[in-house]
Amino acid sequence: MKKFINDPFNLVDEMLDGFLAVHKKKIRKLEDVRSIARTDAPVAGKVGIVSGGGSGHKPAFIGFCGEGMLDAVAVGEIFTSPPPLACYEAVKAANGGKGVLILLGNYAGDVMNFQMSADLSAADGIEVEQVILTDDVASAPKGQENRRRGVSGAFLCWKVAGAKAAAGGSLAECKEVVERVNANTRTIGVALSPCTVPAKGSPTFVLADDEMEYGVGHHGEPGTERIKMMSLDDTVQKMMNEILVDLPFTKGDNVAVVINGLGSTPQIELYAAFRKVKSILDTEKINIENAYVGEFFTGLEMAGFSITLSKLDPEIKSLLDAPASTPCYTC
Amino acid sequence: MKKFINDPFNLVDEMLDGFLAVHKKKIRKLEDVRSIARTDAPVAGKVGIVSGGGSGHKPAFIGFCGEGMLDAVAVGEIFTSPPPLACYEAVKAANGGKGVLILLGNYAGDVMNFQMSADLSAADGIEVEQVILTDDVASAPKGQENRRRGVSGAFLCWKVAGAKAAAGGSLAECKEVVERVNANTRTIGVALSPCTVPAKGSPTFVLADDEMEYGVGHHGEPGTERIKMMSLDDTVQKMMNEILVDLPFTKGDNVAVVINGLGSTPQIELYAAFRKVKSILDTEKINIENAYVGEFFTGLEMAGFSITLSKLDPEIKSLLDAPASTPCYTC
Amino acid sequence: MMSESISNKQMYHIVETICDTIEEQQQYLSDLDGELGDGDHGVNMAKCFREVRKKVEPVADKDCGTILKTVGMYVMNSVGGAMGALYGTMFLKLAAECTGKTEVTLDDLARMFTAAENGIRTIGKAQVGDKTLLDTVAPAVASLQKSAAEHKSLTEALAAFEMAAKNGMESTRDLIAKMGRASRLGERTIGHLDAGATSCYFILRSFAHGVEK
Amino acid sequence: MMSESISNKQMYHIVETICDTIEEQQQYLSDLDGELGDGDHGVNMAKCFREVRKKVEPVADKDCGTILKTVGMYVMNSVGGAMGALYGTMFLKLAAECTGKTEVTLDDLARMFTAAENGIRTIGKAQVGDKTLLDTVAPAVASLQKSAAEHKSLTEALAAFEMAAKNGMESTRDLIAKMGRASRLGERTIGHLDAGATSCYFILRSFAHGVEK
Ligand SMILES: Nc1ncnc2c1ncn2[C@@H]1O[C@H](COP(=O)(O)OP(=O)(O)O)[C@@H](O)[C@H]1O
Ligand SMILES: Nc1ncnc2c1ncn2[C@@H]1O[C@H](COP(=O)(O)OP(=O)(O)O)[C@@H](O)[C@H]1O
Ligand SMILES: [Mg+2]
Ligand SMILES: [Mg+2]
Ligand SMILES: [Mg+2]
Ligand SMILES: [Mg+2]
Numbered sequence: 001m002k003k004f005i006n007d008p009f010n011l012v013d014e015m016l017d018g019f020l021a022v023h024k025k026k027i028r029k030l031e032d033v034r035s036i037a038r039t040d041a042p043v044a045g046k047v048g049i050v051s052g053g054g055s056g057h058k059p060a061f062i063g064f065c066g067e068g069m070l071d072a073v074a075v076g077e078i079f080t081s082p083p084p085l086a087c088y089e090a091v092k093a094a095n096g097g098k099g100v101l102i103l104l105g106n107y108a109g110d111v112m113n114f115q116m117s118a119d120l121s122a123a124d125g126i127e128v129e130q131v132i133l134t135d136d137v138a139s140a141p142k143g144q145e146n147r148r149r150g151v152s153g154a155f156l157c158w159k160v161a162g163a164k165a166a167a168g169g170s171l172a173e174c175k176e177v178v179e180r181v182n183a184n185t186r187t188i189g190v191a192l193s194p195c196t197v198p199a200k201g202s203p204t205f206v207l208a209d210d211e212m213e214y215g216v217g218h219h220g221e222p223g224t225e226r227i228k229m230m231s232l233d234d235t236v237q238k239m240m241n242e243i244l245v246d247l248p249f250t251k252g253d254n255v256a257v258v259i260n261g262l263g264s265t266p267q268i269e270l271y272a273a274f275r276k277v278k279s280i281l282d283t284e285k286i287n288i289e290n291a292y293v294g295e296f297f298t299g300l301e302m303a304g305f306s307i308t309l310s311k312l313d314p315e316i317k318s319l320l321d322a323p324a325s326t327p328c329y330t331c
Numbered sequence: 001m002k003k004f005i006n007d008p009f010n011l012v013d014e015m016l017d018g019f020l021a022v023h024k025k026k027i028r029k030l031e032d033v034r035s036i037a038r039t040d041a042p043v044a045g046k047v048g049i050v051s052g053g054g055s056g057h058k059p060a061f062i063g064f065c066g067e068g069m070l071d072a073v074a075v076g077e078i079f080t081s082p083p084p085l086a087c088y089e090a091v092k093a094a095n096g097g098k099g100v101l102i103l104l105g106n107y108a109g110d111v112m113n114f115q116m117s118a119d120l121s122a123a124d125g126i127e128v129e130q131v132i133l134t135d136d137v138a139s140a141p142k143g144q145e146n147r148r149r150g151v152s153g154a155f156l157c158w159k160v161a162g163a164k165a166a167a168g169g170s171l172a173e174c175k176e177v178v179e180r181v182n183a184n185t186r187t188i189g190v191a192l193s194p195c196t197v198p199a200k201g202s203p204t205f206v207l208a209d210d211e212m213e214y215g216v217g218h219h220g221e222p223g224t225e226r227i228k229m230m231s232l233d234d235t236v237q238k239m240m241n242e243i244l245v246d247l248p249f250t251k252g253d254n255v256a257v258v259i260n261g262l263g264s265t266p267q268i269e270l271y272a273a274f275r276k277v278k279s280i281l282d283t284e285k286i287n288i289e290n291a292y293v294g295e296f297f298t299g300l301e302m303a304g305f306s307i308t309l310s311k312l313d314p315e316i317k318s319l320l321d322a323p324a325s326t327p328c329y330t331c
Numbered sequence: 001m002m003s004e005s006i007s008n009k010q011m012y013h014i015v016e017t018i019c020d021t022i023e024e025q026q027q028y029l030s031d032l033d034g035e036l037g038d039g040d041h042g043v044n045m046a047k048c049f050r051e052v053r054k055k056v057e058p059v060a061d062k063d064c065g066t067i068l069k070t071v072g073m074y075v076m077n078s079v080g081g082a083m084g085a086l087y088g089t090m091f092l093k094l095a096a097e098c099t100g101k102t103e104v105t106l107d108d109l110a111r112m113f114t115a116a117e118n119g120i121r122t123i124g125k126a127q128v129g130d131k132t133l134l135d136t137v138a139p140a141v142a143s144l145q146k147s148a149a150e151h152k153s154l155t156e157a158l159a160a161f162e163m164a165a166k167n168g169m170e171s172t173r174d175l176i177a178k179m180g181r182a183s184r185l186g187e188r189t190i191g192h193l194d195a196g197a198t199s200c201y202f203i204l205r206s207f208a209h210g211v212e213k
Numbered sequence: 001m002m003s004e005s006i007s008n009k010q011m012y013h014i015v016e017t018i019c020d021t022i023e024e025q026q027q028y029l030s031d032l033d034g035e036l037g038d039g040d041h042g043v044n045m046a047k048c049f050r051e052v053r054k055k056v057e058p059v060a061d062k063d064c065g066t067i068l069k070t071v072g073m074y075v076m077n078s079v080g081g082a083m084g085a086l087y088g089t090m091f092l093k094l095a096a097e098c099t100g101k102t103e104v105t106l107d108d109l110a111r112m113f114t115a116a117e118n119g120i121r122t123i124g125k126a127q128v129g130d131k132t133l134l135d136t137v138a139p140a141v142a143s144l145q146k147s148a149a150e151h152k153s154l155t156e157a158l159a160a161f162e163m164a165a166k167n168g169m170e171s172t173r174d175l176i177a178k179m180g181r182a183s184r185l186g187e188r189t190i191g192h193l194d195a196g197a198t199s200c201y202f203i204l205r206s207f208a209h210g211v212e213k
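Residue numbers (UniProt numbering), protein chains in the order written: chain W, 1 to 331; chain F, 1 to 331; chain X, 1 to 213; chain L, 1 to 213.
Straight line, CA to CA, 30 angstroms or less: simulated DSBU-like cross-link-like pairs of lysine-lysine:
| hint | chain 1 | residue 1 | chain 2 | residue 2 |
| --- | --- | --- | --- | --- |
| 1 | F | Lys-285 | F | Lys-238 |
| 2 | F | Lys-251 | W | Lys-24 |
| 3 | W | Lys-2 | F | Lys-2 |
| 4 | F | Lys-251 | W | Lys-26 |
| 5 | F | Lys-238 | W | Lys-3 |
| 6 | L | Lys-47 | W | Lys-228 |
| 7 | X | Lys-47 | F | Lys-228 |
| 8 | F | Lys-26 | W | Lys-278 |
| 9 | F | Lys-311 | W | Lys-26 |
Calculated from the model, a selection of chain F residues having no Cβ within reach of chain W, i.e. all distances over 12 angstroms:
| hint | residue |
| --- | --- |
| 10 | Glu-31 |
| 11 | Thr-39 |
| 12 | Ala-123 |
| 13 | Asp-124 |
| 14 | Ile-126 |
| 15 | Gln-130 |
| 16 | Thr-224 |
| 17 | Asn-241 |
| 18 | Asp-246 |
| 19 | Pro-248 |
| 20 | Thr-250 |
| 21 | Asn-254 |
| 22 | Glu-284 |
| 23 | Lys-311 |
Just so you know, these hints were derived from the structure itself, not from any lab.
The beta carbon of each residue, even a glycine, is placed where N, CA and C say it ideally should be.
Build the full structure now, drawing on both the sequences and the hints.
What follows is the structure, encoded as structure tokens:
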């Protein structure tokens, strides 16, 4: 394992120290727990939007804490969900009196810890709702959507939730619009090489020089197939075939596309992938309204990328386009 | 070589197709050459700011083309400077009648090709000035600063030049302020693993499992030393020792810091590195006014990072803080 | 001969035994998790119980409830992950049922573990047979309840408890994972022990072994 | 026996010979560049001259100036890098001195290469001895000028030209690089041939070999 680290068990704290120092104008740390909030949280009279999860996915989650997106974020160890107290304090910090919406990925640890924080918050009289995000088509078959992992589609959900809350939406409205985005979003990922959790020291999987892990998760979870290397265009075609039929996306749909680097894939390859996605969608007469290419939800230094397609309606489109100002995303 | 590519010789064009489609609101392609410009270029009555160089450094250079930064960018093959015609068309596209400033890295190909484009532009009656950027302390000893490579300090130069031009600065003023930034900026890089130019197919260098390339260039150029792996803190300390004495930076100075990922180093490590930089500067009583952590100038998928320190004066500080809206940097 | 209750001193030894055992078994637990999950279970557990050892030392002389609550609060509030929630709940529930006690009888122990099992079921939503640590906990707790009802000696009860936990752990080998990361692998999980069920066996076994010290 | 001038048909053969030679030597050139630079010289050159072959075919029957200008325009405007600028300049300067000519004499050739050398010096700012392609060009051009002044036969002149280019290339082995990427390596560059000087030798040699066809 070659990494720029000191004691692996201090890495998340050291990262957070650096992150807080760089972005002190936008975010602050909460006391006693490893959670952050936008500097002006709670915003009175606004629904609070909270997320969180394991570290190692940067810019997710903390990079999207700020105006127009997340009010507070609970920070876990690498690939490990944050404890209930961190989630609970994040909810309290986000609570501006109009309720708090928690968005979380569908991972056992996140579900348990956020549920406990929701129970604690409810006992405090805070109105709390949760939406569990499930966009990864590779992680469970169609018909079992609620068993799927939440992956890079989360970026769209955070953006929409934050914008809806900023626009004065009620807790129920914010929840409804995120559920709508989640229901209309599909992602699939592929990897060429694994990542290594520093505290563990060995890679999450091993691939031969001519192999790809198809359907891989953001933590290096095994995919649905181990396939031979293919050209970029063939890889994208295979991924798109799977995504398009799953929702399905059809002629005339308006969509947002996210091409998300999983860690060490150069941007040059991500933009080349977008080119192929666009040419497929052009052929299918599916209209790209919003496009995002870069790193949004990584898995440490994994080489790979994911494609997310999300069917838009006018409200969702306008919420995506609403302003946001966070450490890692500004529009 | 494991990469998401089709024909390696088409990679730059495919990337550019994708890039233009994603960022069409901010940038457009120039006709007949591989160069881009902000959609509203040339901006009448504003000095034009042009840069360019080989591809594979994304978000540099094209990611910083837009309001408040670069007006036009010439795009080369991977790690190969663009031809004179591409540079010349970029200059023409940026020329709003008040002259054009070209910022380029100190690489033989860039120097020759931009010089030819400057000659062609001058023959057209366009007032052109060039500043050759030279921030990499590892690439030539002190006293031979003008032989040094231009690396991630370029990000600060582009930002300052763009802001000065946007503020109505004359060509001479824009040139002078960039020269001031360049003269006050020092960078050093370190790598844990190489990158592979797709058309070549083999890595730029080979390191043992316990080795780092210290003083590495953005193309994987050999550094000044091949050293044993060290902790992050020791690595940063060694780099800072070299940077601090070179300018030198001293007590009471106000500085901007850039921690730049070279490709596959996770953000978590970059922020942890910033933490150590900050603690060293705190001890030295050097004041961090601006901090930038992320990828600004990569070398494909190299694992590594560079530290840039730039001494600020009030004008430079305010130009760094001025608004910019480009595909990959907005403030 | 063992006394018919567990003293607070013994409870402290139990916690020490847990810490020692997890440390020894770190690699084994990670290897098991590597087969079906992300391979970090040993590291997670070892890091957790290394810290537990430090946290619990200052309260070594306190009552059983305080000792177990100290473990539970740390695990619940600092560890994170499914393990933090599940084992945090387990220790907090154990603690809540012996608040203030410097001696814990077999009846107490049965009540404590019944509460712990319920807590784990509530938060984890797993069923017996889902290939989780519940497959270790449930038969062990049932055995404890039976021993208590039959007024067995503490020694006998703990031996049966350990054996039931071991059988429960072993039972996961033939099961298909229904919860957590491993559940994505479906049938491929057959033939492998569940990592959480195994670490849970080591923890429960430490109650038997720790008392003997 | 060779005629005393190079026809446009022969000039086209020369260009074809350059393309063939670069293709053959691709790996060798990359290996040389790998020792002192970034290892892409062979790939860069091969890609360039594969395209040159296509670009020059449609003008195969045109005058020498048109043929060489077609090469030069492509290299200058499409290749990029130091090589694009330097070789682009070389071919454009060669072309400019034989505009409209279907026959090129030794005197013409000497004038063409003198212009090319000057162009390379102006744009590259290298000196002889800096371990660049100029170390190949300069002695070869000097030899051509001498042959022209001494009214040598074209055959003799081209043989001397090739030999001078070869010696020039070989001279780079003992030099310290002063320009380009390799210059950062200082003394470590001694003992290695310069990649650009070597590709330049292959190009100049093709003038001799191409005429023989
Ligand atoms: N819902 C659940 N109820 C009970 N135990 C569970 C549940 N989900 C997961 N587990 C246990 O968690 C163990 C994995 O723990 P660990 O590797 O530390 O966490 P992670 O899966 O987050 O890496 C599994 O072996 C299983 O026994
Ligand atoms: N200023 C210069 N003048 C003449 N030749 C040069 C100069 N700088 C570099 N060269 C030549 O360029 C060659 C390297 O070319 P190449 O590998 O294609 O480009 P790059 O160095 O950009 O990868 C060197 O071997 C050297 O002969
Ligand atoms: Mg884990
Ligand atoms: Mg090169
Ligand atoms: Mg695990
Ligand atoms: Mg080269």
